[in-house]
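So you can see what is in the structure, the chains are spelled out below.
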Amino acid sequence: MFWDKQLECIEPEKLREIQLQRLKEIVKRVYEKVPFYRKKFDEAGIKPEDIRSLEDIKYLPFTSKNDMREAYPFGLFAVPLSEIVEIHTSSGTTGKPVVAGYTVKDIALWAEVMARCLIMVGATKDDIVQIAYGYGLFTGGLGFHYGAQKIGATVVPASAGNTKRQIELMKDFGTTFIACTPSYALYLAEYAKEEMGIDLSTLKLRIGSFGAEMWTEEMRREIERRMGIKAYNVYGLTEIIGPGVAHECSAQQGLHVWEDHFYPEIIDPETGEPLPEGQEGELVLTSLTREGMPMIRFRTRDITTLHREKCACGRTLARIERIKGRSDDMIKVRGVMIFPYQIEQAILEVQGVEPHYQIILTRPHYLDEVEVQVEMSKEIFSDDVKTIETLRKRLEKKIEQTVGVRVKVTLVEPKSIPRSEGKAKRIIDKRNLK
Amino acid sequence: MYKVEIISIFVENKPGKLEKITKLLAEAYINILGFSITDARDFGIIKFLVDKPKEAYELFKKNGFVVALNPALGIEMKDKPGGLYEVVKFISSKGINIENALVYVAESREKAYFIFEVENFEEALKKLKDNGFELLKLV
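These protein sequence lines map, in sequence, to chains V and X. Those letters in the first sequence? Residues 0 to 433, by numbering that gives the first Met the number 0. Those letters in the second sequence? Residues 0 to 138, by numbering that gives the first Met the number 0.
Same shape as in the complex, but just chain X (with noise of 0.2 Å):
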């Protein structure tokens, strides 16, 4: 299935959270692949993208966070300038809206995936398979 998950956090907006937060994924030898922060004043939302999403999803919860996985998108982009542009222009293309999103370079540096959220997942993976973009598959 051309999917990822993507772990959810929300975190008190207040020094040492994302360090204790950090902190739990390294202990567990969770990689971060890719990450974001939202803020809205006292509190925010962290998200997460990694290489074991369910075991990093059990270990927040055993912790005491309020923590969701939700599945998302992955699309590579060519990294070169207008590389953005051309995938965002092909999701919209297909009348889908970006909720969330993140961004994933690769190990090899040499390929980068724009990570998105959306509000379907099921109709928007029909809608991108199989048109020519490489659909990230990390599940």
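Isolated chain V (complex conformation) (with noise of 0.2 Å):
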């Protein structure tokens, strides 16, 4: 389904035409309204009139995340604060939030792509949306909501926590579209379950839209025979917009980018070059078309690989694969380099065992050490000590295969590692790095 078919199914070359008009007015825009950009442009020797083709958008410096920390609060507002109808932040847990600002008319772009996101997976006026995302200042919950108004369907908006209710919710009203962070969708879950004797896959749950962190195929799958739904990944970030930047359709190979608003490009995260097609790297963005706070080059941190050909669905917008990872947090252990979700990788291959698990790294005698603690279940239990143990071996030898460092595996008991309502907290550094 489509919200917009004849955008969404673009010929390539009149879309770069949009593209390329667009960023021209935007560096035109930011360059005389925003001075935190004129004095950066004007540091790297660029003018407005310097972009002639879309590839010229190399030439304009990176935004950070550390610049927009700067900016705190309003800096890159390119409007007067009268013209701004909402604030949104990050969560500010590694400093100062960031903050964004949004227009009347940024407001209606974000109900915009959010319905297209919805359409997109099938979603109608028909649907009930239960938004278990919190709402606030957070961009998750709004964001959704406004999507969801778009189109017309009932929205519930239960913000997160409260799981509980949230599924006396979803079983009372007969919640057919559930948004929220995946690993709080597998508590969702294993909650109904386990506490109130309701498995969620015989509610009338259709449709579920997941993101805000990072998440695998495999956690894919066991939502969606959990939930009986069909499961797919949203993207997005406050910087840029909020959720509604790219979002998976129904062929769930990579998130198509609403690229006539979000220019995405891919680079090398040391050496910032643009890399080209089908490798990966980080991505950025810059939003063509926000009034209140345009963005420019801003690095996201996200590692993934853009995909321009044609999708099965009919698209022609590129596709980023799914988030890999975080260029700033991959860990670094004994000088190699590996990222949270191989880990996950990892165990959930090893069949049975339950997608709950923690990564804790010492340095107890100079040399890093990675133990990974993973909850037993009962569907992996076994009263034979002999075959746990194996089963412990296995995932020490899959965990050691796919990043390439030795690590210990624990096993735990049931529900010891804390469960999160929004973001899961996978590792737990206790070097001293000094």
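Everything labelled a hint here was simulated from the structure, so no lab data went into it. Be aware that a few hints might be false.
Stated by the list, open to error - When the alpha-carbon atoms are kept at most 16 Å apart in a straight line, the in silico EDC-like pairs for lysine to aspartate or glutamate are as follows:
no., chain 1, residue 1, chain 2, residue 2
1, V, K377, X, E11
2, X, K13, V, E412
3, X, K19, V, E412
4, V, K385, X, D41
Given the structure is predicted, the values throughout are model-derived calculations rather than measurements.
Need the complex rebuilt from these two chains, each delivered in its own frame; the hints are there to steer you.
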């Protein structure tokens, strides 16, 4: 299904024309309206007139999360504060939060791109959409809210948390569409079954949209099985707009980027050089049409690959692969770069193990040690120590093969790893790196 | 049926774990007849023979433990030197492999039972029945 078929299946040449036109306009506008950008462009020796083709974007300086913190709170706004009708922030767990300002038109744009996402995965006005992302400063809740209202669906703004009530709402209201983080989706299914004796796959749920944290294909299958739904990947970030930058279609083969509004590039995170299509690197996004707070070449730190070939669903818009990691939460262990997702994938490949794990890094004697705690589950429990020990060793071997570093796997009791209602905390770094 | 049931619980090797488990049993008035602990560095398996195995199983499940309930055989042993030898000699003569075992001393203290798990319960039962050894019946 399409929200705007003409645009979503646009001829690539025509799309590039639109993108170039919009890029020129936004570069000119930020140069005139935002001192931060004017200064950066001047330092780089580039003027808006220098942008003559889409490729010329590579001459524009990047915008980093750090730039945004320095501009805190409103330094990147391109309109007077009186034109801003809504403000969101990132969680700010690693310093000052990132602030995003939206004009009336920006909110309409957000609703538009989210509507495309929802329609793309088969949602209709008859759906009951339960939004279990946090409402408030976090963009997750309201982003989905605007999109679901735009398509005329019935919105249940449950917000995050209060798991028991979430499940009651699903059951009593006949929720058909659920939006939350993937780890919370698994928690919902587990809680419903264990604490309330409800099998979510027997309810009316049919579609789920999950994001705001990294997850894997194995987790997707697990969520689909436990909830009896089709599970889709959503991508977005506060700096660009929130959820709705990209979303999977029914083919589940990558996330279509709404590139008439958000221009994607893939760069080498070390050198900053653009990478050819199909190569893995860091995603950089430019918001081509934002009014309140346009972003020029924002370094997302998200690692992915961009594909431009036409999709089975008929859309011509580029797709990114599911986010594989963050260039800044790679863990360096004994000099080897590893991503938590690699460890997750390895655990899940050893069949039957519940996807609840935690990575603990220590440095007892000048050498990094990795302990991976995996929760025991009744599916894999054997009353025989030897069998469990064999499983544990298989996990160790699989992880070592995947990441190239020896790890120690510890099997822990069920529910002993803290569950989160927002983003899962997977890594505990106890190394004293001074 | 000549069958007993054994509860197996997965536990992390940490202080206070056995305490927590036995407290649950105590509070539910479930009596422990015999138990064994097998340990593998970071985790272990605690096995119990109790008077109310099904209740105990549900209790542990409800409290978030990974737990299994498995059939086992019990054979009466004579309380004299060579008692255990006689019993295991008999079991091995039937080609049965003992996977796990524990001992249950009956309340009277006159009788003791060798409780053990085997790979194939039905088959083992068939081989051991009516051979002059008394099998325990708890279920």
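Verification of the hints:
Under the criterion of a C-alpha separation no larger than 16 Å, the hint pairing K377(V) with E11(X) is consistent with the structure, at around 15 Å. Distance check on the hinted pair: K13(X) and E412(V) sit about 11 Å apart at the alpha-carbon level, within 16 Å; holds. Proximity of K19(X) to E412(V) is assessed by CA-CA distance (about 13 Å); at most 16 Å being required, the pair is judged to hold. Under the criterion of a C-alpha separation no larger than 16 Å, the hint pairing K385(V) with D41(X) is consistent with the structure, at around 13 Å.
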